[in-house]
Amino acid sequence: MLNYLDILDRANNGPYLSEENWDLEKVAMTARRLVKKYKLNWDKNELVTDDASLSESIFKAGYEMAVELGSYSRSTERVIEISQDEIDNGIRNMPQTVVMGEGKDARTLYARHLDDERAPLFFGGSPGTPVPERIFLPNVISYMQEPLIDLATCGTLVEVDGREVRTGNPIEIVSTRRELQYMRQGLKRVGRAGMGMLAAQSSVSELGDLAAAHPDYLRPCDSHLVPMLNELKMDHRNISRAVNSLEYGMVNASLPCVIVGGLGGGPAGSAVINVASYLIANLTCLADYHILHPIHVRYIATSTRDVLWVINATAQAFARHAPTIIVSDIYPKSGAGTKELLYETAANAIVNAVSGGHLEGCGSADGNLPNCSGLEARLMAEVALASHKMKMSRKDANAFVLQLLPKYEHVFAAENGNPGKPFDEVYDLQRIEPLDFWQKMYEEVKTELKEMGLKL
Amino acid sequence: MSENVHLQAIANAVIDGEAEDAAEATKAALEANVDPLEILNKGLMQGAEEVGKRFERNEYFLPELMLAGRALKGAMEVVKPVLIEKYSAADNQMKGKVVSATVQTDIHDIGKNIVSSMLTAAGFEVTDMGVDVPIKSIIDKAEEIEARIIALSALLTTSMPFMKDLIRLLEARGIRQKYVILVGGASVTPDWAKAIGADGTAKNAADAVKLAREKIGM
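Those protein sequence lines, which keep their order, are chains A and B. Sequential numbering from 28 applies to the first sequence in my numbering. Sequential numbering from 3 applies to the second sequence in my numbering.
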């Protein structure tokens, strides 16, 4: 069994390689070669695939990449070599269940299989979105109070007591602890104090993460992010996050945000990198579960055709060949108070539900603005549950998503995106309920989805 | 071999991202007495522009941009001494020196890499300092290489304030007017760029190149 200190040793003493050569000669060239070797292609009209051999090829290609490349430490410019046996052990040891939260509010995340009888779980919140302090608490409550939401997440505090938060500055400690105080306060307010969280989102460097590892803030039954850098890289900061969990506990959520259109080239190469990233993250991030969050090189959002395909391909590769716990971030282009946000959310929810993922969301408006609310998370859960209960086939899921795309794809060409409105302009902050116009839009979209055949 | 054939071979090598071919084709063109300025403008830049267009059309991705950047760099090493020898103001043909960096505490590099590659492909001489770069180091590098443009990137909202700090530090040192400051990143808006006193921002890499050209009068 690989000791985590071995990872540190390898990061410090592995073979030297310039970062540019890692990116180009190793990652990009290997992705290109494997895409050719396994004849991997994507079809912009087949975003939910049902092709066992394609899925097998994507898994094999990702496995080959992980064994061949290992990982890379940006801090030391050294390759973190990982053997095939270690990759295999990592796969064997991938947790199949993880309990998050405590008491009556605890939930068990599980490794979903394809066509799993068990329903996916839902994290509610706008992960990592910059949110001003004055609306932070009502914003997180808007998700926590939703009955279908199982687990809580949140945005990032960008100011505390009127002071601008800067990463790596002592104020990051204050902001991360303040975030956790609001989260715990919010959970108590909605009567779900034991609900598990994926939090410390205000910890952009390792500082906040270290400062929040205390039962008053982030409990051992909660989870935190251990990000990988693009692509297949770690650094001392993120290794510190993993180390921080060694004795204290906390559930480690690996976060490789593979760039679709980046070093992997198109969607096929990006899916291969995503698979390899999880196999590496088992060891370098000590992952208890994996966040699935491919990012579009131009549009960011997870609702573009190519990113939806990568989500489907990555989740299915694991669900079919090495089930592990995958939680998919939903990051729509559009923001709260727009119908497009709801269509984008529905498309993401269906793709994930039939491909083997749990869901987290929504990072509305690309997670760039506080234009997010609990209402879209409600729809995310409702749509995913409906498709699950209907036992929607992947073929039908694909047909459904293809019908949704024309309803929102225009936002990618819009000069300024489709940011919608801030939380305090779509929710009543006293009652923490959607304003009438936003509620009406939601009802209208739900009616449309029902007319399209979804049993909501 | 005609001049056009030489120039096309250079452009093709850049488009294909073949560094050795680009250097060889440049050498061959020089040996055939093709004017070095023609090599720069009608060979290398022609190829670079095509690479940029293909990236915009989703036909090329980041690796192709990086490979083209390498090919361009290799060929420039061959042609630059000849250019300088023949044209006293040859450095001006390089369109301007750029220092690019993701500011301190931010470790995201893809957007910055794309912009750096596109600027290189457009003929700028780019010194890419990488990620998590202290603002003092960025200014020192800009001073050292006599850059015209400082291009700053930050994805994280909580790292963006360091861009403002850099501008304030330039002002404090009395050298703000020497530089065009361009800022970018997913959360950077034109209003924010204006508010911190930057000279501009762009919504994508192609627009960043246009903006850089415009700001230094190319």
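Please keep in mind that the hints were generated in silico from the structure rather than gathered at the bench. Glycine is no exception: its CB is placed at the ideal position from the N, C-alpha and C atoms. Errors might be hidden in some of the hints.
[Said to hold, decoys possible] Label pairs and their in silico Cβ distance ranges: (1) Y43(A) x L171(B): 29 to 37 Å; (2) E40(B) x M479(A): 58 to 66 Å; (3) E148(B) x S267(A): 47 to 55 Å; (4) K64(A) x E61(B): 16 to 24 Å; (5) E52(A) x E40(B): 52 to 60 Å; (6) P136(B) x G276(A): 29 to 37 Å.
Outcome of the hint check:
1. Y43(A) x L171(B): 29 to 37 Å: Because 33 Å falls inside the window, the suggested range holds.
2. E40(B) x M479(A): 58 to 66 Å: With Cβ atoms ~59 Å apart, the hint holds.
3. E148(B) x S267(A): 47 to 55 Å: For E148(B) and S267(A) the Cβ distance comes to about 38 Å; the hint is violated.
4. K64(A) x E61(B): 16 to 24 Å: holds (22 Å)
5. E52(A) x E40(B): 52 to 60 Å: Between E52(A) and E40(B), where Cβ atoms are some 33 Å apart, the hint is violated.
6. P136(B) x G276(A): 29 to 37 Å: holds (35 Å)
Taken one by one, the earlier hints fail for this structure at numbers 3 and 5, listed in ascending order.
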